[in-house]
Amino acid sequence: MVVVSRTPVPPFLEFLEANRAPVYRLLLVAVGPLEADDCFQETFIAALRAYPRLDNGERLDRWILRIASRKAIDHHRGRGRRPAPVAEVPDRATPATDPTPDDELWGAVGSLPPRQRVAVVHRHVFDLSYADIAELMGTSQETARANVSQGVKKLREMM
Amino acid sequence: MNPKDLKHLADRAGAEQASRAAAAAIPDLAVANELLDVAIADLGSPIGRLLVAVTRRGLVRVGFENEDRDELLADLAERISPRILESRSATDDVRRELDEYFERERTDFDVPVDRRLIHGIARDVLVQTSRITFGRTSTYGEIAKKIGQPTAVRAVGRALGSNPIPIVIPCHRVIGASGKLTGYAGGLDRKIALLELEGSIL
Chain A
120 MVVVSRTPVP
130 PFLEFLEANR
140 APVYRLLLVA
150 VGPLEADDCF
160 QETFIAALRA
170 YPRLDNGERL
180 DRWILRIASR
190 KAIDHHRGRG
200 RRPAPVAEVP
210 DRATPATDPT
220 PDDELWGAVG
230 SLPPRQRVAV
240 VHRHVFDLSY
250 ADIAELMGTS
260 QETARANVSQ
270 GVKKLREMM
Chain B
545 MNPKDLKHLA
555 DRAGAEQASR
565 AAAAAIPDLA
575 VANELLDVAI
585 ADLGSPIGRL
595 LVAVTRRGLV
605 RVGFENEDRD
615 ELLADLAERI
625 SPRILESRSA
635 TDDVRRELDE
645 YFERERTDFD
655 VPVDRRLIHG
665 IARDVLVQTS
675 RITFGRTSTY
685 GEIAKKIGQP
695 TAVRAVGRAL
705 GSNPIPIVIP
715 CHRVIGASGK
725 LTGYAGGLDR
735 KIALLELEGS
745 IL
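Chains A and B, in that order, are what the protein sequence lines are.
Residue numbers for the first sequence, in the numbering used here: 120 to 278.
Residue numbers for the second sequence, in the numbering used here: 545 to 746.
Same shape as in the complex, but just chain B (with noise of 0.2 Å):
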């Protein structure tokens, strides 16, 4: 025989498909020997899709369509664990809340946070945010006087904007107080479909 016989062997007897079933295997089991540091997995919404990413702590970080996922993740691998893997089961909880926010049947969520993303200055303002209930909002000024530090409205912004948990910690219900709405990390449009979709705005 010719050696180079083997080489085909492998494909004609599918490793291709193999390989992606025993690679889909990966994550249950990674899951039952505790290995599993980062589940993520994406979701479709009325927003366009969202990336959820899930500790053992809780919800870690939500991203939007309009950011890029390679980033996130490799953003995800430096700061918390290169343990990395998409779970349907793992992420089970986010999804199924977010699904029932998106559909008008909750108003707020009972899924753990993980704030490990979150520092300084912005660990007093999300918290304040999160008090915000669903259909109210409140502006750059009135969280710069609730965390002490009446003068702080850009740093409050900018805390704001570095929320990696947005949707879940409500800083979109955050306004101008002039009513305007100012920016967001998912993008303008969907601040205000999120604010439309609590009745906030018409």
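Just chain A, same shape as in the assembly (with noise of 0.2 Å):
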């Protein structure tokens, strides 16, 4: 007979803790700073939602990050049905300064495909491995793969 250890899950208080920093960390270079409050809380609400469903405390930072990388994607997804936010990026013509180093970054990130800026996130600002993306990502490690290098040379195309 197999024993099996079972950590409890926390309560959501500590979750949110522990994971508020990197879900929003992910969220803001994914969505852009206007959207992501929004992204941010829907990604909780729906890990609330969940929660009493859980019977497993483990790897509930892979579990957040998962949910989060999926809302980032679908938003996209919504927005392209609306109309294009005006200003995610600062507006450059109106400025009287010059557009700063991370404008330009932001503007660049900003123009990615959302799977591809969602992969470039978690390959350049977290450092995780293709298996690691392709698992959050929900796609095989080739996909996960393809979608790093194509976001990766956009951007250097761009800037």
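Hints were generated in silico from the structure; no laboratory data involved.
Glycine included, each C-beta is placed from N, C-alpha and C at the ideal position.
Check each hint, because a few of them may be wrong.
[Stated by the list, open to error] Pair by pair, the computed Cβ-Cβ distance ranges are:
hint: 1; chain 1: B; residue 1: 575; chain 2: A; residue 2: 269; range: 41 to 49 Å
hint: 2; chain 1: A; residue 1: 174; chain 2: B; residue 2: 663; range: 17 to 25 Å
hint: 3; chain 1: A; residue 1: 278; chain 2: B; residue 2: 612; range: 51 to 59 Å
hint: 4; chain 1: A; residue 1: 171; chain 2: B; residue 2: 689; range: 41 to 49 Å
hint: 5; chain 1: A; residue 1: 174; chain 2: B; residue 2: 705; range: 31 to 39 Å
hint: 6; chain 1: A; residue 1: 169; chain 2: B; residue 2: 615; range: 22 to 30 Å
hint: 7; chain 1: B; residue 1: 726; chain 2: A; residue 2: 165; range: 43 to 51 Å
hint: 8; chain 1: A; residue 1: 137; chain 2: B; residue 2: 636; range: 25 to 33 Å
hint: 9; chain 1: B; residue 1: 615; chain 2: A; residue 2: 178; range: 17 to 25 Å
hint: 10; chain 1: A; residue 1: 137; chain 2: B; residue 2: 600; range: 22 to 30 Å
hint: 11; chain 1: B; residue 1: 733; chain 2: A; residue 2: 246; range: 49 to 57 Å
hint: 12; chain 1: A; residue 1: 165; chain 2: B; residue 2: 724; range: 54 to 62 Å
[As the list claims (entries may be wrong)] Some chain B residues near chain A, calculated using beta-carbon distances under 8 Å:
hint: 13; residue: 545
hint: 14; residue: 547
hint: 15; residue: 550
hint: 16; residue: 557
hint: 17; residue: 559
hint: 18; residue: 567
hint: 19; residue: 574
hint: 20; residue: 577
hint: 21; residue: 623
hint: 22; residue: 626
hint: 23; residue: 671
hint: 24; residue: 690
Quick one: dock chain against chain with the hints and give me the complex.
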């Protein structure tokens, strides 16, 4: 007989505190500053909805990043049906100051297709392996690798 | 460009602080979506910081400062639900009534109580205990008699010691037959302070 030890599911407030920073970092770069709060809330409310059904408290950091990745991609899809946001990146026509390097970076990363954008963030902000990216985004490793390399290629062309 | 440039973009945009603000909005959203099973909050009192836990049914737990907070929350997660968040709004009534009690503006509590953590003989014991009014005391023996088990004095003591909702279920009002105050989950000093507040001892 195999004895399976079970990690208790932590109180949600501890889970939220432990994961809020990485989830926000992911979403901030993956959907942009204007949409990050909405996506963050959708992510944690979805997690809270599913929370009582969890039977094991292990690897919840992976679990929430998986939800957040899905929300980031869905969010872009939803946005495609709405008018494009006016200024995810500070409008370059109006400010008196020259755009900063960060503004240009936001502009470039903001123009990537959603899956490539999320994959690039996993790879280059969080240093995840392609196996991890594949798991978080529900794809094969080949697809994960292709999403990252195509995204990076576009970034290089733009900057 | 170097894709490594992306690494600190989020930090420069204030991700840490923004994540705090975004997380602080979650409890109210949870309440609005009816997803909060246990709301907790801390409040200051003359006998130290108190933790209160409230479910949809009512006040389910009051914790003293000397209790291990992580253990207490883990216990609530295990026995009630892991959907636990800090919420000022969902604990408003309880906090207000406790404040009034400590200000001597209130002698009994109106907030509903959730007794789901109370089992077995403790149910009867704590029902009887709830009937001891502000400013009065009773003894373990009297409670044992009232629940129809006059010899179960020790069991009564254990049941009182396991009271998950101290202060509101006033187990501090039960003392030894000789007038000795005996034990208290929050420590004897807190029991004395509560009995002094109620004018039961000088």
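Verify the interface restraint on residue 550 of chain B: the C-beta must sit less than 8 Å from at least one C-beta of chain A.
Result: holds, 5 Å to nearest chain A Cβ.
A closest beta-carbon separation below 8 Å is what the hint needs, so does residue 574 of chain B meet it against chain A?
holds (6 Å)
Does the closest beta carbon of chain A sit nearer than 8 Å to the beta carbon of residue 545 of chain B?
holds (4 Å)
Please test the hint of 22 to 30 Å on the beta carbon pair from residue 169 of chain A and residue 615 of chain B.
Holds - the Cβ-Cβ distance for residue 169 of chain A and residue 615 of chain B, about 25 Å, lies within 22 to 30 Å.
Range hint compliance [Cβ, residue 137 of chain A to residue 636 of chain B, 25 to 33 Å]
About 27 Å separates the Cβ atoms of residue 137 of chain A and residue 636 of chain B, which means 25 to 33 Å holds.
Holds or violated: is there a CB of chain A closer than 8 Å to the CB of residue 626 of chain B?
For residue 626 of chain B, the interface hint holds, since the closest Cβ of chain A sits about 5 Å away, which is under 8 Å.
Measuring from beta carbon to beta carbon, are residue 726 of chain B and residue 165 of chain A in 43 to 51 Å?
holds (50 Å)
Is the shortest C-beta separation between residue 577 of chain B and chain A less than 8 Å?
holds (6 Å)
For residue 733 of chain B and residue 246 of chain A, compare the CB-CB distance with the range 49 to 57 Å and indicate the outcome.
The hinted range 49 to 57 Å holds for residue 733 of chain B and residue 246 of chain A, with Cβ atoms some 52 Å apart.
Confirm or reject the claim that residue 575 of chain B and residue 269 of chain A have a C-beta distance inside 41 to 49 Å.
Check passed, 43 Å falls within 41 to 49 Å.
Against chain A, with CB atoms and a cut of 8 Å, does the hint on residue 623 of chain B hold up?
Nearest chain A Cβ about 11 Å off; hint violated.
Grab the minimum C-beta distance from residue 559 of chain B to chain A and call the hint holds if it beats 8 Å, violated otherwise.
Check passed: Cβ of residue 559 of chain B comes within 5 Å of chain A, closer than 8 Å.
Of the hints listed earlier, those the structure fails to meet are numbers 21, 23, 24, in rising order.
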